[in-house]
Amino acid sequence: MSEFSVGVRQRDTVSIFELKGYLDAHTAPELEKTFQNHLNESRFNIVVNFSDLSYISSAGLGVLMQFIEDVRQNEGDIKLSNMSPRVYNVFDLLGFPMLYEIFDDEEEAVGKFLNKSDNPS
Amino acid sequence: MKLRQRILLLVAVASLVLDTVYVFVQHAITSSGALEGDLFHTALVLLAFGGGGWYAYRAGDVEEQRPMQLIGRTMLAGTLYLLLIGIVKLTANPSFTEVNGIVAPASFSSLMATIVLAIGSGVCAIVVFTGLSRLVFVKRRKSTRRNYAFLLTAASGYVLLAFISSPNGFGVTALETVTLIVSVLALIALLLNAFHFSWILMLSRREKLITLLLAFFGFIFFIILSIYAGSGETVSRALQTYHPLLSAFVNIALDFGALSMGIGFVSTLLHLPTAKEFDRKKMEISTLQNMSRLITQVFDFDELMATTTHLALEVSEGHAAWLELINGRSTHRGNGHGNVTDGGGLVGPSLKNITAVEIGQLCGSDGKPLRELMLEAAHPVLVQDFVADLRLDESTRKMKGIGAMVLVPLSSHGEITGLLCVTRKEAFSFDKDAVNVLSAFADMVSVAIENSTLIRESIVKERMEQELLVAQQMQQSLLPQQLPAAPHYDIAARSIPAYEVGGDYYDVLSLDGNRIGFVVGDVSGKGVSAALYMAQVKGIFQSLSRDGGASTRDILVRMNTPLCESMERKSFISLLYAVLDTDAGTLSFSRAGHCPLLHVRAGEARFLQPEGMALGLDAGGRFADSLREESILLEPDDVVVLYTDGVTEARNAKEEEFASERLAETVARAAAHGAQAILDEILQSVHHHSARAEADDDITVLVLHWRGGV
Numbered sequence: 001m002s003e004f005s006v007g008v009r010q011r012d013t014v015s016i017f018e019l020k021g022y023l024d025a026h027t028a029p030e031l032e033k034t035f036q037n038h039l040n041e042s043r044f045n046i047v048v049n050f051s052d053l054s055y056i057s058s059a060g061l062g063v064l065m066q067f068i069e070d071v072r073q074n075e076g077d078i079k080l081s082n083m084s085p086r087v088y089n090v091f092d093l094l095g096f097p098m099l100y101e102i103f104d105d106e107e108e109a110v111g112k113f114l115n116k117s118d119n120p121s
Numbered sequence: 001m002k003l004r005q006r007i008l009l010l011v012a013v014a015s016l017v018l019d020t021v022y023v024f025v026q027h028a029i030t031s032s033g034a035l036e037g038d039l040f041h042t043a044l045v046l047l048a049f050g051g052g053g054w055y056a057y058r059a060g061d062v063e064e065q066r067p068m069q070l071i072g073r074t075m076l077a078g079t080l081y082l083l084l085i086g087i088v089k090l091t092a093n094p095s096f097t098e099v100n101g102i103v104a105p106a107s108f109s110s111l112m113a114t115i116v117l118a119i120g121s122g123v124c125a126i127v128v129f130t131g132l133s134r135l136v137f138v139k140r141r142k143s144t145r146r147n148y149a150f151l152l153t154a155a156s157g158y159v160l161l162a163f164i165s166s167p168n169g170f171g172v173t174a175l176e177t178v179t180l181i182v183s184v185l186a187l188i189a190l191l192l193n194a195f196h197f198s199w200i201l202m203l204s205r206r207e208k209l210i211t212l213l214l215a216f217f218g219f220i221f222f223i224i225l226s227i228y229a230g231s232g233e234t235v236s237r238a239l240q241t242y243h244p245l246l247s248a249f250v251n252i253a254l255d256f257g258a259l260s261m262g263i264g265f266v267s268t269l270l271h272l273p274t275a276k277e278f279d280r281k282k283m284e285i286s287t288l289q290n291m292s293r294l295i296t297q298v299f300d301f302d303e304l305m306a307t308t309t310h311l312a313l314e315v316s317e318g319h320a321a322w323l324e325l326i327n328g329r330s331t332h333r334g335n336g337h338g339n340v341t342d343g344g345g346l347v348g349p350s351l352k353n354i355t356a357v358e359i360g361q362l363c364g365s366d367g368k369p370l371r372e373l374m375l376e377a378a379h380p381v382l383v384q385d386f387v388a389d390l391r392l393d394e395s396t397r398k399m400k401g402i403g404a405m406v407l408v409p410l411s412s413h414g415e416i417t418g419l420l421c422v423t424r425k426e427a428f429s430f431d432k433d434a435v436n437v438l439s440a441f442a443d444m445v446s447v448a449i450e451n452s453t454l455i456r457e458s459i460v461k462e463r464m465e466q467e468l469l470v471a472q473q474m475q476q477s478l479l480p481q482q483l484p485a486a487p488h489y490d491i492a493a494r495s496i497p498a499y500e501v502g503g504d505y506y507d508v509l510s511l512d513g514n515r516i517g518f519v520v521g522d523v524s525g526k527g528v529s530a531a532l533y534m535a536q537v538k539g540i541f542q543s544l545s546r547d548g549g550a551s552t553r554d555i556l557v558r559m560n561t562p563l564c565e566s567m568e569r570k571s572f573i574s575l576l577y578a579v580l581d582t583d584a585g586t587l588s589f590s591r592a593g594h595c596p597l598l599h600v601r602a603g604e605a606r607f608l609q610p611e612g613m614a615l616g617l618d619a620g621g622r623f624a625d626s627l628r629e630e631s632i633l634l635e636p637d638d639v640v641v642l643y644t645d646g647v648t649e650a651r652n653a654k655e656e657e658f659a660s661e662r663l664a665e666t667v668a669r670a671a672a673h674g675a676q677a678i679l680d681e682i683l684q685s686v687h688h689h690s691a692r693a694e695a696d697d698d699i700t701v702l703v704l705h706w707r708g709g710v
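Residue numbers (the numbering used here), protein chains in the order written: chain A, 1 to 121; chain B, 1 to 710.
Calculated directly from the structure, the hints in this document are not laboratory data. Be aware that a few hints might be false.
Stated by the list, open to error - The calculated label-pair distances, taken between Cβ atoms and stated as ranges, are: (1) A:Glu-3 with B:Arg-669: 31 to 39 Å; (2) A:Thr-13 with B:Pro-562: 34 to 42 Å; (3) B:Arg-669 with A:Ser-51: 31 to 39 Å; (4) A:Pro-85 with B:Arg-707: 35 to 43 Å; (5) A:Glu-3 with B:Lys-282: 49 to 57 Å.
Keep in mind that this is a model prediction, so the values were computed, not measured. Idealized CB from N, CA, C, for every residue including glycine.
Let the hints inform the model, and build the full structure from the sequences given.
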């Protein structure tokens with residue numbers, strides 16, 4: 001039931017977290033640890049790919065909220081991508097689209113980071 | 001028993017006194033002063049010494065005496081007896097007359113000396129005989145009692161025969177052959193009993209040395225004594241004069257003493273070379289026993305660690321020891337020859353006679369290669385010559401104070417969980433036994449540590465359960481106890497907390513004459529912190545909603561700021577606030593990131609979802625910007641349902657959610673039956689759908705049934 005995993009890929013300066021399974025109060029600490037490790041290593045460009053995530057609870061959303069401020073203060077961002085309608089609905093209901101950039105495709109999200117660093121305008 | 005013993009002693013002493021008087025009287029009235037064949041005297045002597053002997057023998061049963069004490073006491077009795085003989089000879093020097101073999105004291109002073117010597121001999125013989133008898137029964141075997149019975153029988157026979165054949169007794173002469181046979185039998189019995197000395201093995205080296213000394217002097221004294229008492233010397237004559245029975249008994253006791261001491265001396269001497277080794281083995285055994293006792297004392301983890309190093313030193317006679325546990329066992333699996341993976345580390349060291357700095361020096365800055373040596377090998381590592389062992393770094397080998405070292409792994413379920421290291425100052429001082437003992441010891445430590453960890457975990461779990469219970473009680477007490485009711489509307493509400501995740505909240509507020517507020521919310525997180533946020537929300541609502549002019553939107557906007565300040569970053573609250581104006585028949589509401597409001601009119605259901613983000617997410621203007629208010633003009637038999645996501649997200653075995661469609665259908669079906677009936681129907685449908693006893697999430701539903709007729 002509460003099986004969950006985070007896979008981490010690196011593309012250029014962007015870290016991509018691939019979430020799999022159920023993200024709830026029991027599994028949230030694992031995602032928290034992944035975020036914490038990245039922040040400790042000063043990696044602040046993060047894309048979270050939700051394509052394999054079946055369920056997210058408020059505790060899972062809490063993890064994103066926990067780190068967004070630190071990430072943005074360090075000129076980075078947490079961008080979200082590839083949400084299933086069910087997962088998107090949870091984000092939407094809570095008003096997260098107003099706080100996070102949500103993309104249909106990981107490519108777009110990564111591109112957004114890379115373009116920004118290419119032309120620092 | 002105690003009283004009987006005292007009476008026995010009293011009778012013995014009284015008999016002795018009476019007999020002494022009798023002997024003096026006899027000496028005065030008869031010319032020879034001899035007491036041959038005197039039955040009254042015999043009876044009194046038997047009572048005095050028989051009773052005294054029995055008393056001495058029984059008195060020892062009360063407490064178990066240690067063999068060394070018994071040997072010491074026997075030796076002391078022999079020494080005092082020798083002294084007594086010396087004093088009597090020097091002061092009185094008694095002389096005796098002999099007529100037809102019958103011996104008698106030559107003078108009154110000789111008689112006195114005789115009596116003193118006789119009583120002294122008797123007491124000494126009793127002490128010696130009972131002491132040695134008890135020694136026979138130390139570590140008794142099946143044959144012990146039989147051998148002792150044989151000794152008593154043979155000794156009694158010998159004493160009796162000596163009495164009958166002695167000129168001072170009955171003077172029967174034709175018994176030489178029988179006497180010889182019985183004497184040989186008695187000697188065999190003495191030897192049989194004296195050879196029972198297995199207790200010597202169990203003595204420590206120091207005790208063995210003391211025993212050796214005692215037995216040596218004891219042997220010499222008793223040889224001297226038995227020669228004195230047996231030959232025609234003063235003592236022998238005095239005893240014969242007094243009573244042949246006593247004389248024979250003293251002889252037997254002194255022989256017993258000499259034999260026991262002699263055999264004891266030789267046995268101890270033979271055991272002496274192995275004494276040190278034996279001591280060590282005994283120590284090892286007792287330490288292992290201590291350790292197994294330690295397994296049950298696992299409630300204090302630090303104490304367990306400290307005791308472990310302490311016992312490790314004791315068991316191995318080491319100079320310094322330390323114990324470390326490996327943190328995060330899954331990352332530290334030694335795989336034979338491979339490297340130990342990074343991450344985690346050695347934690348919680350317990351040190352003895354060595355400092356953390358020294359260990360750091362010993363292991364190098366990154367804990368290599370010493371720890372690696374053992375972690376790779378996964379079996380004990382013995383460093384016999386610390387200075388020359390090439391497995392160690394050159395800098396490590398230069399460390400002072402270490403000659404040899406043993407590293408043993410602690411393991412649990414096939415994984416290494418820590419290491420125990422013991423060092424000695426001398427090189428080549430650990431043998432294979434020491435390594436084996438330390439290994440066995442390490443196994444016990446592993447079990448103890450694992451037990452301790454399990455206990456700690458169960459305590460933590462219990463505490464968490466307690467906390468959840470408190471949170472649930474808090475949550476329940478925050479919910480309204482009574483709901484308002486009026487002719488033109490009715491309300492029903494219910495919140496069912498899930499086992500762990502408790503964050504749902506609802507409230508119904510009577511604002512002013514014609515307005516009622518409804519709140520349904522969901523606090524992210526769980527336990528006590530969720531319950532505390534809930535209490536805060538309730539408090540803020542109760543103060544803000546007093547403002548009659550404020551819209552639902554205004555109130556939520558005003559709420560957001562203090563909540564953002566007080567809440568943890570990762571926490572937020574989704575909430576729907578609705579206000580019913582009973583005069584106007586309107587319901588206006590705002591939604592802060594919460595589930596939509598369900599409105600059912602004439603079998604037609606619609607979900608109303610005005611814009612708005614959850615409380616506590618954004619402290620800036622975005623919250624206010626996002627938030628909208630909506631209003632409905634109610635018609636009779638309209639039903640409004642406020643709920644949390646626990647309702648729509650309730651899943652069945654196939655992972656299908658209850659979903660808003662089912663909720664809408666259920667409410668439409670039951671709409672005509674009033675708020676309570678609708679609520680019941682919803683809860684039952686959800687329960688039926690998920691078909692589980694325990695819900696994953698809290699379920700909260702608030703139903704407003706508008707009858708109208710304003």
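Quick rundown of the hints versus the structure:
1. A:Glu-3 with B:Arg-669: 31 to 39 Å: holds (37 Å)
2. A:Thr-13 with B:Pro-562: 34 to 42 Å: Once the Cβ atoms are compared, 38 Å apart, the range 34 to 42 Å for Pro-562 (chain B) and Thr-13 (chain A) holds.
3. B:Arg-669 with A:Ser-51: 31 to 39 Å: holds (38 Å)
4. A:Pro-85 with B:Arg-707: 35 to 43 Å: holds (38 Å)
5. A:Glu-3 with B:Lys-282: 49 to 57 Å: Once the Cβ atoms are compared, 55 Å apart, the range 49 to 57 Å for Lys-282 (chain B) and Glu-3 (chain A) holds.
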